[in-house]
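S.K.: Add chain B to chain A, keeping to what the hints say.
Number of protein chains: 2
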Amino acid sequence: MGDNVRLIEVKENVLDDNDKVAKELRARLKQEKTFLVNLMASPGAGKTSTVIQTVRRLGETLSIGVLEADIDSMVDAEKVAETGVTAVQMRTGGFCHLDATMVTDGLSAIGSENFDLIILENVGNLVCPAEFDTGSAVNVMVLSVPEGDDKPLKYPLMFSVCDVVLINKIDTCELFDFDRKRFEEGVRKVNPNCTLFDISCRTGEGLDAWADWLKEQVKTHNN
Amino acid sequence: MGDNVRLIEVKENVLDDNDKVAKELRARLKQEKTFLVNLMASPGAGKTSTVIQTVRRLGETLSIGVLEADIDSMVDAEKVAETGVTAVQMRTGGFCHLDATMVTDGLSAIGSENFDLIILENVGNLVCPAEFDTGSAVNVMVLSVPEGDDKPLKYPLMFSVCDVVLINKIDTCELFDFDRKRFEEGVRKVNPNCTLFDISCRTGEGLDAWADWLKEQVKTHNN
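Protein sequence lines, in the order shown, are assigned to chains A and B.
For what it's worth, the working numbering labels the leading residue of the first sequence as 1, then goes sequentially.
For what it's worth, the working numbering labels the leading residue of the second sequence as 1, then goes sequentially.
Pulled out of the complex, with its shape left as it was, chain A reads as follows (with noise of 0.2 Å):
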């Protein structure tokens, strides 16, 4: 294991209300001019490829840091620290979701005041993690062709508490027979104000266009 990556137990605080744990956190990062993405998908959707190409993009006008929550792996951070940016991974325990206090423990374990953007990579389930507020300043999908077009009805919640949709392995459209039109309806009915990239970590198609877009809300959060 290298020196930027390390492992940190978390639990679920079942005693404060979470809302209220995330919105005092989401103001200290907001002084603190840290940039906090919440990226939320099914399993192998793409979430740590993601995390993976959006650092090789901003890593040199950013500091980024990354947590990887996990079950019971270290795969993920350890993946992503050989980009060479500093990795935590949380293990949940068998948990099925972060909440606000377990992300707390996160940014106290990489020191969340040294990063201007830091990517949390939360459990791989598109029901659980959607009701919980980490404290981020925005909610991040990763939605991926194979999985099909008829997500969002499937998934409401998910759909509904995300600002952006990554339309990931987007070159596999054609082969799954994936209806880009039919998914975006499914979005904006249950969120009329998402903003979707397509994006294809295998190819790199889209991912400029993601990474340009998300290093204008950090700059903008951070000043």
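Hints are not guaranteed to be accurate.
Heads up, the list lumps identical chains together, so a pair's fine if it works in one copy or across two of them.
[Stated by the list, open to error] With a cut-off of at most 25 Å between alpha-carbon atoms, the simulated BS3-like pairs for lysine-lysine come out as follows:
| id | residue 1 | residue 2 |
| --- | --- | --- |
| 1 | Lys219 | Lys30 |
| 2 | Lys33 | Lys189 |
| 3 | Lys181 | Lys23 |
| 4 | Lys215 | Lys23 |
| 5 | Lys20 | Lys30 |
| 6 | Lys189 | Lys79 |
| 7 | Lys181 | Lys79 |
| 8 | Lys30 | Lys79 |
| 9 | Lys215 | Lys20 |
| 10 | Lys189 | Lys219 |
| 11 | Lys219 | Lys33 |
These aren't lab readings, by the way, just hints derived from the structure by calculation.
M.R.: Frame of chain A, contents of chain B only:
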């Protein structure tokens, strides 16, 4: 909506011990000569397609009923009912998994005693459903190739509670750089006795072998 499809609302049982309810349900289904399959997977892995393909192969020799769990929509039950089988959509109202009490309610709604085989499509989620015994005779999970070959490492509980893993979208291994051997090693590490089938609901590959296996299990259980 056709005559063979209906919707019920299901609620979590917070009072009774789920393991006890599940054990009683399993005993009852054995007596009823009804084989219950609990089908679990990530969103978009191909659960509904697998149900449809299975019904097409076994619908003439077995009487089949389908219970579809979904957070908020009816699309899966309607899609499945088009094959002619009876389907009940169990709406969980945002809940992330099924417990044995919800399944008992679903089985009452469909009239389980009238069926040789009932396929239960659980909520699309690799975390929470693995923690709750549904009373099924077997647990089957669908892992789709685009999700990646590292999933057993990251969702060990799900892979450890499965009797069968169906590797769906097997025709896309090359495109997604999916190492079939590495995946199987990962599965075997947490679950040495698991049965694996390579399938593609798109091309039809491997589905006869899976259906034959299932038919044998139903025959043994119901005799």
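S.K.: Against each hint, give a clear statement of whether it holds in the structure.
M.R.: Okay, the hints, checked on the actual structure:
In the homo-oligomer, the alpha carbons of Lys219 and Lys30 lie at most 25 Å apart inside one protomer (12 Å), although the nearest pairing across protomers, at 63 Å, exceeds that limit. In this assembly of identical chains, Lys33 and Lys189 lie within 25 Å of each other by CA distance neither inside one copy nor across copies; the values are 34 Å within and 44 Å between. Within a single copy, Lys181 and Lys23 get their C-alpha atoms no closer than 35 Å, and across copies no closer than 46 Å, so neither meets the 25 Å cut-off. Proximity of Lys215 and Lys23 under a CA criterion of 25 Å is satisfied intra-copy only: 23 Å inside one chain copy versus 54 Å between copies.
When the C-alpha separation of Lys20 and Lys30 is checked against a cutoff of 25 Å, the pair qualifies only within one copy, where the shortest distance is 16 Å, while the shortest distance between copies is 49 Å. For the homomeric pair Lys189 and Lys79, the shortest alpha-carbon distance between copies (21 Å) is at most 25 Å, but the shortest distance inside one copy (36 Å) is not. For a Cα distance limit of 25 Å, the shortest separation of Lys181 from Lys79 across copies, 21 Å, qualifies, whereas the shortest one inside one copy, 34 Å, does not. Proximity of Lys30 to Lys79 under the C-alpha cut-off of 25 Å is found in neither arrangement, the shortest distances being 29 Å within a copy and 47 Å between copies.
Taking identical chains as interchangeable, the C-alpha atoms of Lys215 and Lys20 are never at most 25 Å apart, the minima being 28 Å within one chain and 53 Å between chains. In the homo-oligomer, the alpha carbons of Lys189 and Lys219 never lie at most 25 Å apart, since the shortest distance is 30 Å inside one protomer and 46 Å across protomers. For the homomeric pair Lys219 and Lys33, the shortest alpha-carbon distance inside one copy (9 Å) is at most 25 Å, but the shortest distance between copies (64 Å) is not.
When each numbered hint is compared with the structure, violations occur for hints 2, 3, 8, 9 and 10.
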